[in-house]
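*Asks:* Work from the hints to combine the two standalone chains into their complex.
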Amino acid sequence: MRLNSVRDLEVLREQINEKRKSIRKRIRICGGPGCHSGGGAHLREAFQKLLDDKGVSQEYQVVETGCHGFCARGPIVVIEPANIFYERVKDDRVPEIFEKTVLGDELVDDLLYVFPETGEKIVRERDIPFYAGQERIIFNDTGLNWSTEIDDYISRGGYSALAKVLAGMKPLEVIEEVKLSGLRGRGGGGFPAGVKWESCSKAHGDIKYVICNADEGDPGAYMDRALLEGNPHQVIEGMIIGAYAIGAKEGYIYCRYEYPVAVKNGLRALEQAKNYGLLGENILGTPFGVDIFITRGAGAFVCGESTALMASLEGKIGEPRGKHIHTVEKGLWHRPSNLNNVETWASVPQIINNGGKWFASIGTERSKGTKIFSVVGKINNPGLVEVAMGTPLRKIVYDIGGGIPGGKAFKAVQTGGPSGGCVPESLIDLAVDFEKLKQAGSMMGSGGMIILDEDTCMVDVARYFLTFLVQESCGKCVPCRVGVKRMYEIVDRMCSGLAVPSDIDELERLGSTMQEAALCGLGKSAPNPVLSTLQYFRHEYEAHVNDKCCPAKVCKPLIHYEIDTEKCTGCGVCRRKCPESAIIGEKRECHCIDDELCVRCGICIESCKFGAIFIE
Amino acid sequence: MEYNIEDVDAIINQWGPTPASLLQIMLDINHRYHYLPRESMQRVSERLKMPISQVYGVANFFKVFSLTPRGRYVMHVCTGTACHVKGGPKIIERLQSELNLMPGETSEDLMFTLETVNCVGACAAAPVVVVGETTYSEVTPSKVTSVVKALKEEV
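Protein chains in written order, with numbering that gives the first Met the number 0: chain H, 0 to 615; chain E, 0 to 154.
For the record, the hints were derived by calculation from the structure and aren't laboratory data.
Glycine included, C-beta positions come from ideal geometry on N, C-alpha and C.
Check each hint, because a few of them may be wrong.
Quick list of in silico lysine to aspartate or glutamate cross-link-like pairs, DMTMM-like style, CA-CA up to 20 Å [as the list claims (entries may be wrong)]:
1) H:K356 with H:E197
2) H:K576 with E:E92
3) E:K142 with H:E605
4) H:K576 with E:D27
5) H:K24 with H:D104
6) E:K48 with H:E313
7) H:K89 with E:E137
8) E:K89 with H:E453
9) H:K407 with H:D452
10) E:K89 with H:E615
11) H:K263 with E:D27
Which residues of chain H face chain E? A few of them, derived with a C-beta cut under 10 Å, are [claimed, not checked]:
12) G296
13) G416
14) G601
With the rest of the complex left out, here is chain E (with noise of 0.2 Å):
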C-alpha cells in the first residue's frame, strides 16, 4: 500500500492528537502498512508536537513496529514456553530453511516475513503458527511446509 498523508491524519484525528494516542496512532499505521513509513513518523511528530526522537524511541521499544518494509504474509511462529516443549524450535528452523530467512527477515519480493511472538495464548493447540487471522494449531515440520507451499500457490 503506497503511503497517504491523508489516511495517516485520518488516523491521528481519530485517537486525537495527544501524546497519550501515540502508541495506538502508531499501532494503526503499522496495521495499515504493515510498518511504520519514515515519512508517517514525521506527520505523527508534527501533529502530536513531539520530537521525532521520541516517536523512533517508542517505535524500536516495541516489539510489533517495523521500520522496513515486511511481507505480504507475516508468518508468526509461536515461541512460548508451551509451543517451545512441544517441539517450537522444530518449526522456526525448518521455515528457515524453507523460506531461506532468519527470524525478523522479508523476503526480497515482499512475499514472507518470518517473525517470532513470545505467546499468543493458544498454548493449548502448541505449537502455533499465525498467518494473518488464521491460527495453524498443532503445526509440524511437515505441516508448516505445507502451509509455506499453499501461500506461495495463491499468489
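Extracted from the complex, chain H is given alone in its bound form (with noise of 0.2 Å):
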C-alpha cells in the first residue's frame, strides 16, 4: 500500500491503532543484544506457540523488541499494559507466566525485580530505579518497539515529523529548528548539527548525499547498535528529514559488519519504508524523494572517521584525507555530503515534533538534550543509560548502574573509547557533558563509559588501548602509524617490568607530538588514553617504573602466585590442574608454586576450595 499524501498516514495510523484495540496484552520480549546472548534467543517463540495452541493469537500478542538498556537483568520479558517487568526469564518459565500474567492476572514473584538496598521488589518497569533516574527521550521507544514492523512505528506516531515537515516547512526552517535545538554530533566530535546542515544545504552541487555513520568502531559502546536494530524508523526518518532540509536525493547508512542484526532490520526497514511511499519517489504524494541504502563495513575503526567512511563507500581502501576542504563541500564522489551519527539521526523526529526550543531546554548551557551512554565494566547494572546532558557522573554510577560489584572501590570511568580518557574517581561529582569531560582530559566520544575498579591496572588499560590502535591506525600518516607503535613499545616494556625511568617523559614527548602532526581525527587523539592515565594516575606508572611492581597486580612480569600456608589442604587439586606442572608438594602438605615454571594463568585459583593461593 502507498501513502499518497499526509493525510493518507493519518488514516492508516487510525487503522493501526483501531486494530490494536482487540489486543488484551502484549508480551514484549527484549531482543537487544544482552538478552538475546543470555539465553533469550528462543522466548519469543515458546511464547507464540503456546497463544498458537491455545488459540488465542488474535487476543493476545507477543513481540521482540529493541533493546530495554537494563542489559544486567537480561533476558527481559514485559507484559503490557501494566508494564510487569520479569527478569532474568528463562525459557522453561514460560508457561507458568504464560498462565498465571498473561491469562490471568497473577504474578509470578520470583521473576520480579528486587531492589538490592532494600529486599523491596518492583511489579512495573519504569518503578526500577535503573529506570526511574533516567531521563528517555531518543531511546524511549526501542524497548517497546516491535523491530521488525513499521506499524508499530506508525502507531506510536512515527514519520508524523516528516509529514508534518512535508506538509508545510521549508528546508530553512527545518535547519532553523535543528540549530535552534543546539544538537550536537553525537559520534564524538560534537559539531552542531544544524551548522552542518546550513552549510551542506548551502554547498555548490546538484547532487548531494546524507550518510548515516553507523560503524560504532569505539570498544564498549553499542548505543547504535541498539538504536539501529531496535527502532531503524527513527534513524530513517530523521535521515529523510535531513535530506529534504538540505536537498539529497540519496543517502547511505554505513554500518559494522559486526553488527548483523542491525543490518538485517535496517534492510527490512528501508523496504517497508519504500513500500508505503515513505522513501523514493514524491514521498506523501510531494515532489520530494530520496532513497536510502545500507552498506556493510568490513572491520576497519578508522573508517568511523567521516572522509575514511565516504572512501569505502566509494569501494576504496578506508583512509581518511587532510579536512581542509570539508565533505559538506566535497565528500562522497566529491559532491556535497552530510554526515551525522546513529544517534544524531535518531534525535530528528523529537526535535520535529517538540520543537528545537524543547530540546534546548534539556542539558547544559552548551550541550544539550540527552545523551546515551553505554555503562559496562565493573558495574553492578550494565547496560544503556539515557540521561540529560550534566548529569552528575555520581548518579549515572552509583543511583543508575547500581555502584561497584563485590564492594570494591571505583577508581576510574572511561569514556570517549581509543580516542578518551580516564576520569579519575576524584572527579565524580563532574557534571557530564562536552566540554566538561573536555576539560577532564577526556572525551564524550559516542557515550562508552567502561567502569575501571580498584583491580583494573591503569597502565595495562593504557597498554590495551595502544594495542587497538596499533592494530587499527591505517598507516596513512607516520605520526600515527609509527607513533603508536613506539608508544605501544614503551609501555608494554612497563608492564614488562623492563622500563627505564627516560620513559614517562619520552611517552608525553611521542603523544604531544601526535597531536599536533597526526592527519585525522582518530590520529590527533590517539595519545589520549595515555596521557589521561599519566595525568591522574602517574603514581601507577612510576611503581611499574621505578619499583617494578603492579599496584593493581594485573600485569603478570610483576606478580608471582602464592600459596598461603595457613589454607593449603594439600589436596592436590591445583598440582593436578596445573597445565605447567608449577605447582609440587605432598598429599596433605601445603604445596608451593614454582616461580620459575608459573605462566600466572590462574586455573590455580580457579579450582582451589579453599582460597589459599593469593597474587603477591
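*Replies:* Pasting the structure below:
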C-alpha cells in the first residue's frame, strides 16, 4: 500500500490503532544483544507456540522489541498494559508466566526485580530505580518497539515529524529548528548538527548525499547498534528529514559488519518504508523524493572517521584525507555530503515534533538534550542509560548503575574509547557534558563509559588501547602509524618490568607530537588514553617503572602466585590442574608454586576450593 | 565449499559490476567461502574492470577478509574494552592453549580458527565469544573449555 498524502498516513495510523484495541495483552520480549545472548533467543517462539496452541493469538500478542537498556537483568519480558517486568527469564519459565500473568492476572513473584538495598520487589518497569533515574527521549521507544514492524512505529506517532515537515516547513525552516535545538553530533566530535546541515545545503552541486555513520567502532559502546536494531525507522525518518532540509536525493547507512542484526533490521525497515511510499519518489504525494541504502563495513575502526568512511563507500581503501576541504562541500564522490551519527539522526524526529526550543531546554548551556551512555565494565547494572547532559557522574555510576560489584572501590571511568581518557574517582561529581569531559582530559566520544575498579591496572588499560590502535591505525600518516607503535613498545616495557626512568617523559613527548602532527581526528586523539592516565595515575606508571611492581596486580611479569600455608590443605587439585606442572607438594601437606615454571594462567586460583592461592 | 565461478558471478550481478560495489561483493564472497579464494579476486578484478592490485589492497586493509581458508568454527573472542577489563585476555589465553592456535591461525584440519574482534557490541554481557550466530555471554576460562569440547563432539 502506498501513502499518497499526509492524510493517508493519519488514516493508516488510526486503522492500526483501531486494530490494536482487540489485543488484550502484549508480551514484549527484549531482543537486544544482552538479552539475546543471555538465553532469550527462543522466548518469543515459546510464547507464540503457547498462544497458537490455545488459539488465543488474536487477543494476545508477543513481540520482539529492541534493547531495553537494562542488560544486567536480561533476558527481559514485559507484559503490557500493566508493564509487569520479569527479569532473567529462561525458556522453562514461559508456561508459568503464560498461565499466571498473560491469561490470568497473577504475578510470578520470583521473577520480579528486587531492589538490592531494601529487598523490596518492584512490579512495574518504570518504577525500577535504573529506569526512574533516567530521562529517556531518544532511547525511550527502543524497548517498546516491535523492531521489525513499521506499523508499530507508526502506531506510536512514527513518521509524523516527516509529515509535519513535508506538509508545511521549508528546508530552511527545518535547518533553523535543528540549529535552535543546539543538537551536537553524537558520534564524537560534537559539531553542531544544524550548522553542518546549513553548510551542506548552501554548498554548490546538484547531487548531494546524507550519510548515517553506523560504524560504531568505539569498543565498549553499543547504543548505535541498539538504536538501529531496535528502532530503525527512527533513524531513517531523521535521515529523510535531513535529506529534505539539505536537498539530497540519496542516502547511505554505513553499518559495521559486526552488527549483522542491525543490517538485517535496517534493510527490512527500508523496504517497508519504500512500500508505504515514505522513501523513493514523491514521498507522501509531494515532489520530494530520496532513496536510502545500507552498506556494510568490513572491520576497520578508521572507517568511523568521515572521510575514511566515504572512501570506503566509494569502494576504496578506508583511509582518511586531510580536511582542508570539508565533506559538506566535497565528500562522497566529490559531492556535498552530510554525515551524522545514528544517535544524531535518531534525535531529529523528536526535535521536529516537539520543537528545537524544547530540546534546548534540556541539558547544559552548551550541550543540549540527552545522551545515551553505554555504562559497562565493573558495574552492577551494565547497560544503556539515557540521561540529560550535565547529569553528575555519581548519579550515573551509583544511582542508575548500582555501584561497583563485590564491594570494590570505584577507580575511574574510561570515556570516549581509544580517543578518550579516564576520569578518576576524585571527579565523581563531574556534570557530564561535552565541555566538562574535555576539561577533565577525556572526551564524550560516542558515549562509552567503561567503569574501572581498584583491580584494574591503569598502565594495562593504556597498553590495551595502544594494542587496539596499533592494529587499527590505517597507516597513511607517519605520526600515527609509527607513533602508536613506539608508544605501545614503551608501555609494554613498563608492563613487563623492563622500563627505564626516562620512558615516562618519552611517552609524553611522543603523545604531544602526535596530537600536533597526525592527519585525522583519530590519529590526533590516539595518545589520549595514555596522556590522561598519566595525568591522574602517574604514581601507577612510576610504580611500574621504578619499583617494578603493579599495584593492581594485573601485569603478569610483575606479580607472583603464592600459596597461603594456613589455608592449603594439600588436596592436590591445583597440582593436578596446573598445565605447567609448576605446583609441587605431598598429599595432605602444604603445596608451593615454582615461580620459574608458573605462567600465571590463573587455573589454580579458579580450582582451589579453599581460597588458598593469592597474587603477590 | 568448492570455488564456483557462477556463484561469484551471481554475487557480482546482485550488486552490479561497479567499483562502488567492491566491498559488498567481497563481503559476500568472504561470507560464502569463509575466505577470499584467489580465483574469485581475479574474477572480481575482471568484471569490475579494476586493477587486481586495488582489489588486493582492499582485501588486505579490512580485518574481516582472509586470503587463506578458515575453519568450520571461527571463534571470535571480543577484545572490546568492557571485555578486556572483565577478563577477556584470560579467555584468549585459554583458547590458545585449548586449540593450540594463535589469534588469526586456523587448525590444520580446518575445524577451528581463533580470531579476535574489536568489540561486538554486547558489552553488558562481557566477556563474550561469538561462534557463527551464537554469542556466548559472561564466559569464563572453564566455560570456553566446555564450549570447545561441545563443538569438537558435534563433528
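*Asks:* Evaluate each hint against the coordinates.
*Replies:* Structure-based check of each hint:
About 18 Å separates the Cα atoms of H:K356 and H:E197, which keeps this hinted pair within 20 Å; it holds. Taking the CA atoms of H:K576 and E:E92, the gap is about 16 Å. The hint holds against a cut of 20 Å. About 12 Å separates the Cα atoms of E:K142 and H:E605, which keeps this hinted pair within 20 Å; it holds. Annotation: proposed proximity of H:K576 to E:D27 is violated, straight-line Cα distance about 44 Å (limit 20 Å).
For the hint linking H:K24 to H:D104, the alpha-carbon distance of about 11 Å falls within 20 Å, and the restraint holds. Among the hinted pairs, E:K48 with H:E313 is consistent with the structure: their alpha-carbon atoms are about 15 Å apart, no more than 20 Å. At most 20 Å may separate the alpha-carbon atoms for a hinted pair to count; H:K89 and E:E137 meet this at roughly 16 Å. For the proposed pair E:K89 and H:E453, the alpha carbon gap of about 18 Å is at most 20 Å, so the pair holds.
A C-alpha spacing of about 6 Å is found between H:K407 and H:D452, which places the hinted pair at or below 20 Å, so the restraint holds. Our distance criterion of 20 Å between C-alpha atoms is met by E:K89 and H:E615, whose separation comes to about 18 Å. Simply put, H:K263 and E:D27 have alpha-carbon atoms about 14 Å apart, close enough for the 20 Å limit, and the pair holds. The beta carbon of H:G296 comes within 8 Å of a beta carbon in chain E, closer than 10 Å, and the hint placing it at the interface holds.
Checking H:G416 against chain E by beta carbon gives a least distance of about 7 Å; that is within 10 Å, so the hint holds. Restraint check, H:G601 versus chain E: the minimum CB separation of about 6 Å is within 10 Å; hint holds.
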